[in-house]
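Please dock the two separately framed chains into a single complex, following the hints provided.
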Amino acid sequence: MLEAIGFGLVTAAVVAMAAVGLSLQVSVTNFINFAYGDFMTFGAYVAYAANSAGLNFFAAVAVGGVATALLGVLANLTVFRPFVRRKARVITLLISTIGLSFIVQNLIVIIWGTGAERYTVSIGNAHHVGPFLWTTGDMVIMVTAFVLLLGLHLMLRYTRFGKSLRATSNNPDLALASGIDTGRVVNYTWLIAGFFAAVAGVALAMELNTLRPVLGFNELFVVFGAIILGGIGRPYGAMLGALIIGILTEVSGAYLNPAYKGSIAFAVVVILLLVRPQGLLAAKGKSA
Amino acid sequence: MTYFLIDLLAMGMITSIMTIGLNMQYGFAGILNFTFYTFVGVGAYVTAVVTMGTPSGYGSESYILHWSLPWPIGLLIAGFVCALLGLAMIMVTIRRLRSDYLAIVTVSIGFIIWNLINNYIPLFDGGNGLFGIPYIAGGANMSNVQYSMMMGLIGLVVLVGALWLSRRIANSPYGRVLRAIREDEVIAESFEKPVRRARISIFMVGCFMAGVSGGLLAYYLTSWNPQGFLPIESFILMAALIIGGTGSNWGAIVGAFVIVELLTEISRYIPTFGSEATVGAVRAILIGLMLILFLMFRPEGIVPERPERWYRTGRVPGSEPSGLVGAIKRREAALWPSRTRQPLA
Numbered sequence: 007m008l009e010a011i012g013f014g015l016v017t018a019a020v021v022a023m024a025a026v027g028l029s030l031q032v033s034v035t036n037f038i039n040f041a042y043g044d045f046m047t048f049g050a051y052v053a054y055a056a057n058s059a060g061l062n063f064f065a066a067v068a069v070g071g072v073a074t075a076l077l078g079v080l081a082n083l084t085v086f087r088p089f090v091r092r093k094a095r096v097i098t099l100l101i102s103t104i105g106l107s108f109i110v111q112n113l114i115v116i117i118w119g120t121g122a123e124r125y126t127v128s129i130g131n132a133h134h135v136g137p138f139l140w141t142t143g144d145m146v147i148m149v150t151a152f153v154l155l156l157g158l159h160l161m162l163r164y165t166r167f168g169k170s171l172r173a174t175s176n177n178p179d180l181a182l183a184s185g186i187d188t189g190r191v192v193n194y195t196w197l198i199a200g201f202f203a204a205v206a207g208v209a210l211a212m213e214l215n216t217l218r219p220v221l222g223f224n225e226l227f228v229v230f231g232a233i234i235l236g237g238i239g240r241p242y243g244a245m246l247g248a249l250i251i252g253i254l255t256e257v258s259g260a261y262l263n264p265a266y267k268g269s270i271a272f273a274v275v276v277i278l279l280l281v282r283p284q285g286l287l288a289a290k291g292k293s294a
Numbered sequence: 030m031t032y033f034l035i036d037l038l039a040m041g042m043i044t045s046i047m048t049i050g051l052n053m054q055y056g057f058a059g060i061l062n063f064t065f066y067t068f069v070g071v072g073a074y075v076t077a078v079v080t081m082g083t084p085s086g087y088g089s090e091s092y093i094l095h096w097s098l099p100w101p102i103g104l105l106i107a108g109f110v111c112a113l114l115g116l117a118m119i120m121v122t123i124r125r126l127r128s129d130y131l132a133i134v135t136v137s138i139g140f141i142i143w144n145l146i147n148n149y150i151p152l153f154d155g156g157n158g159l160f161g162i163p164y165i166a167g168g169a170n171m172s173n174v175q176y177s178m179m180m181g182l183i184g185l186v187v188l189v190g191a192l193w194l195s196r197r198i199a200n201s202p203y204g205r206v207l208r209a210i211r212e213d214e215v216i217a218e219s220f221e222k223p224v225r226r227a228r229i230s231i232f233m234v235g236c237f238m239a240g241v242s243g244g245l246l247a248y249y250l251t252s253w254n255p256q257g258f259l260p261i262e263s264f265i266l267m268a269a270l271i272i273g274g275t276g277s278n279w280g281a282i283v284g285a286f287v288i289v290e291l292l293t294e295i296s297r298y299i300p301t302f303g304s305e306a307t308v309g310a311v312r313a314i315l316i317g318l319m320l321i322l323f324l325m326f327r328p329e330g331i332v333p334e335r336p337e338r339w340y341r342t343g344r345v346p347g348s349e350p351s352g353l354v355g356a357i358k359r360r361e362a363a364l365w366p367s368r369t370r371q372p373l374a
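Chains as they are written, first to last, in the numbering used here: chain V, 7 to 294; chain R, 30 to 374.
Chain R with its partners taken away, still in its complex shape (with noise of 0.2 angstroms):
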């Protein structure tokens, strides 16, 4: 029971970093990713490849670079490949195609590279996978509990990362761009917002994460292949942030706990009323039936996105004198709100 228990907190905080990461890419741009799991199984392949060294005691296994390095480096790797991956991708469907189709082209393109992972393998290895990913930390001599609570710190760590990186854009000039996009890119093209620009890099970043995720899944785990990021997991990360609450960084946490990780393990404990398939399928049922009753009456998620604060406040940022003229506006306004114009509602 703990051990589930600090499992599901570690495999929580590794999928919060997924949904961030997601929530960066459709949340604030609007830029729907169908493959984003792909971006993190090809991180947890590149960690694996760069970390792991020779191959020793696992039989024939065949796979690129058969680099040792420091498991952070891994992981920063991982990243960057991922967002060089992502460039890639979003350069071709990015061009004049509606969102919505361009989901569809996303998820052909997930499906290439994982049919050419799987099939190709010098690469890494096909379908049959990587074994012995190393234990990270000195995680070799650690028993199943502890490594998890080691793994669930560490990615405390990242998604704290992760989180203030998301919030830095989020409120920066280059975030409200990105709103401006989802709600509308002609509009936001007309003022000269760099649309094209802050749609590629907002891409990029998310992917970024992606990879880390993975590369962190992949020392956790020790071990993947290509049944690990089957198209379908790309779905269950979007179902998690839209009921998790789009927008929202804390419903993107939300969602990759309760969705992703608590429904997952909850199955465990419930008393089996057929095949393990059956389980599963519920599970699944739930998921879409949650997704569409929350789109119905509920789109804004289990904890939705705050308004920006001039939207609360009233006040818009910049347009406040600071210094001794400030200082005087604000006590004036205090002194005679009828004066100053009110906050809106």
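This is chain V alone, in the form it adopts within the complex (with noise of 0.2 angstroms):
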């Protein structure tokens, strides 16, 4: 029970960080992102090529990290921006996400290919913490997963840049009105996302121990899961969403068979969303 809340914390970590960039990102366009697990799979994929290329590990997680961060960039500024312009509807740009997602998805097929690929750092041997039991790259994670989460508490709440993202998500148009260029703030998001997605891409494919193309695609709606959990547009309850589908994933499969863990989590989102439709968390105006 204690190794699998152990193996539930890695898990939630992993999410977590997606999660956490996907709701900041949510929360400022105010769109879902159906593209959002592409670009983990897209970080994943630059950090392996940088990685085998003979960079060292975490230097190629950083370019993976600045390539997909310039990717939602690209994305925002030739795909969202004329849509937003025009006044589009939510759901104009919710599809859009997802012919987004097949090019990305589809792209990353005709470079790399779609055989599993691997990183040429190990995860490391098992260690025992405490009553868990987890491997070095379990703990790597975790503590990336931590700085980064923590770094972005910190710079959302006692920067000025933090402020201004904050405020636009709140009330764009009262934004704009006391001066913050919303503009900049939300290709800043994209790059803040689009890093996000990246680390927790790398992550996910050292967890699995396999890397293919639909490596995020497939995670994504664990990701969506945490996010309704926690409540739609709220970072923390992002964190806090992951933590819970994180744990019950692992605990449930060591219960049950593990063939249905995946599906634990969606149940619990399901009946979550009978007894309480905003979420854990509900951000006004973003959910109902």
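Rather than coming from a laboratory, the hints here were simulated on the basis of the structure.
Possibly wrong hints are sitting among the right ones.
Below, in silico cross-link-like pairs of lysine to any residue (SDA-like), each with a Cα-Cα straight-line distance of 20 angstroms or less [what the hints assert, rightly or not]: (1) V:K267 / R:P151; (2) V:K267 / R:L145; (3) V:K267 / V:K93; (4) V:K93 / R:L152; (5) V:K267 / R:N148; (6) V:K267 / R:L152; (7) V:K93 / R:E214.
Computed footprint of chain R on chain V, listed as stretches where at least three residues anywhere in the stretch have a Cβ under 8 angstroms from a Cβ of chain R [what the hints assert, rightly or not]: (8) 15-23; (9) 113-119; (10) 147-156.
Note that CB positions come from ideal geometry on N, CA and C, so glycine has one too.
Shown next as structure tokens:
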């Protein structure tokens, strides 16, 4: 049981990084992004390419993060901003992200093929840490997630940019009227979301010990589960949702047939929606 | 070549039934169902297990029911089972959720269903899927081409039925309520339109279509497994509908033939420039690009939705006096057009 919770914490760390990035983007842009999973895959592949070119693993992850951040901005400038300018409906934006998902995922197939790849670093040996059983890789993932999430928290809370980001998320028109360059804030948000996606993608590929073009697309719905659970457009809610989903998946996997453990997470989301449609930490005007 | 063409027509008919069903949900009522193909998949399974009887000669398949009903009944049962499944799903998702979040939840539920079917072997034989679904209407003695032709004809008959139903709904007061909900739910509600009931019922009708088309697919392919209804299929159907023309029945059919079928089949004839995966990837990129470009530059799709008759002619249905008075008024309007209200542009 305790070991399962330990594994759950690792899963939660991976999901949390992805979910917070997505949730941040959703809170600012106000539309769900189905291409986010493919951003994760893209970041993981760029890191893989840099890593196999001989770069140090952590440097490679940083390269993947920067590349995906730029991909996010590029997507925003070429696809999403024209729609927003025309005051397109949220649903239109949502569907255009599906088109983007097709494009990114299959560009990855064309560039890197459909075979399964691996990083040159191994996930290391298992260590007993208190009651938990973690590999070196697991601990690196958790520390990274903790540092990134803490950094994001500090930035949102204590910097001028964090303040303008929160203002834009809360009310874009009012933020614009107060002299905040909301277009720039949106671009920076895409940068951050892309970076988080890439790091989460690498962590996920390390966890699964395999890298495939559908890596992020398949994980996307777990990430959605976390952000729905926590309340859509609430980065802190996304952390909570990821924690619940991560632990629940692994603990249920220890007791039930592990094949169903993915479904358990979704079933919890569906049940929660029956009881509390706005999620645990609801954001006003974002979920109703 | 001829076989591919006939196969394309037959598959196109079946896919058109799907896009018409999806069009009822998304095009008429604006309900984003991103797991439409799950209902197609379930429909295929249900049709299979109620018609194929006890397993014979195909190893140890395990599945429920073992009925051997006539094939049209199998299609109907599939339709009704999917309608009920749709009812269960819409009851969960409809609760005060913004439409795009509802879309995500549909994907999650689709995933649960997929996972259950893939892993719970006693239901539909798990990941192995079902083999030896019977050929229908004496198809066992036919050649491939003949069977495709016959399935194309059966598909056409069902498609015409679906089209008829869809038009009836679109031109009825119920259809107008649905479009009102699509445009603005709150206004529709403030006019005391039965928003909730209308959405639930049209969702069920759409799922019925999915079930029937899935049943036809099962009869045509004679085998079915979880790899046949991966989440991506629903997205492709959605792209097909939007490129074809949201809200338009002919648009739905054009989308099904051009986007889903023609693009698949045409990749057999283009010179290979890489692995098979690359060809599939190019096709998906093409769909993605077309989807985005259409949303940007022609959001109404290839065949746009026809405006309502009163908008084209200026006559509001039901407000025209009938009988003798109507005849006199129409005569008057023809003689002195300036006295009467002009049709809208």
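Structure-based check of each hint:
Note on K267 of chain V and P151 of chain R: the hinted pairing holds, with a Cα-Cα distance of about 19 angstroms set against a maximum of 20 angstroms. Proposed proximity of K267 of chain V and L145 of chain R is supported: the alpha carbons are some 11 angstroms apart, at most 20 angstroms. About 40 angstroms separates the Cα atoms of K267 of chain V and K93 of chain V, which puts this hinted pair outside 20 angstroms; it is violated. Proximity of K93 of chain V to L152 of chain R is assessed by CA-CA distance (about 47 angstroms); at most 20 angstroms being required, the pair is judged violated.
Taking the CA atoms of K267 of chain V and N148 of chain R, the gap is about 11 angstroms. The hint holds against a cut of 20 angstroms. A distance of roughly 19 angstroms separates the Cα atoms of K267 of chain V and L152 of chain R; the hinted pair therefore holds under the 20 angstroms criterion. At roughly 19 angstroms between alpha-carbon atoms, K93 of chain V and E214 of chain R fall within 20 angstroms of each other, so this suggested pair holds. Coverage of the stretch 15-23 of chain V by chain R is violated. Counting CB-CB distances below 8 angstroms, 0 residues qualify, and the rule asks for three or more.
Counting residues of the stretch 113-119 of chain V whose CB lies closer than 8 angstroms to any CB of chain R gives 4, so the stated coverage by that chain holds, three being the minimum. For the stretch 147-156 of chain V, the assignment as covered by chain R is violated, since 0 residues bring a beta-carbon within under 8 angstroms of that chain's beta-carbons and 3 are needed.
In summary, the numbered hints that this structure violates are 3, 4, 8 and 10.
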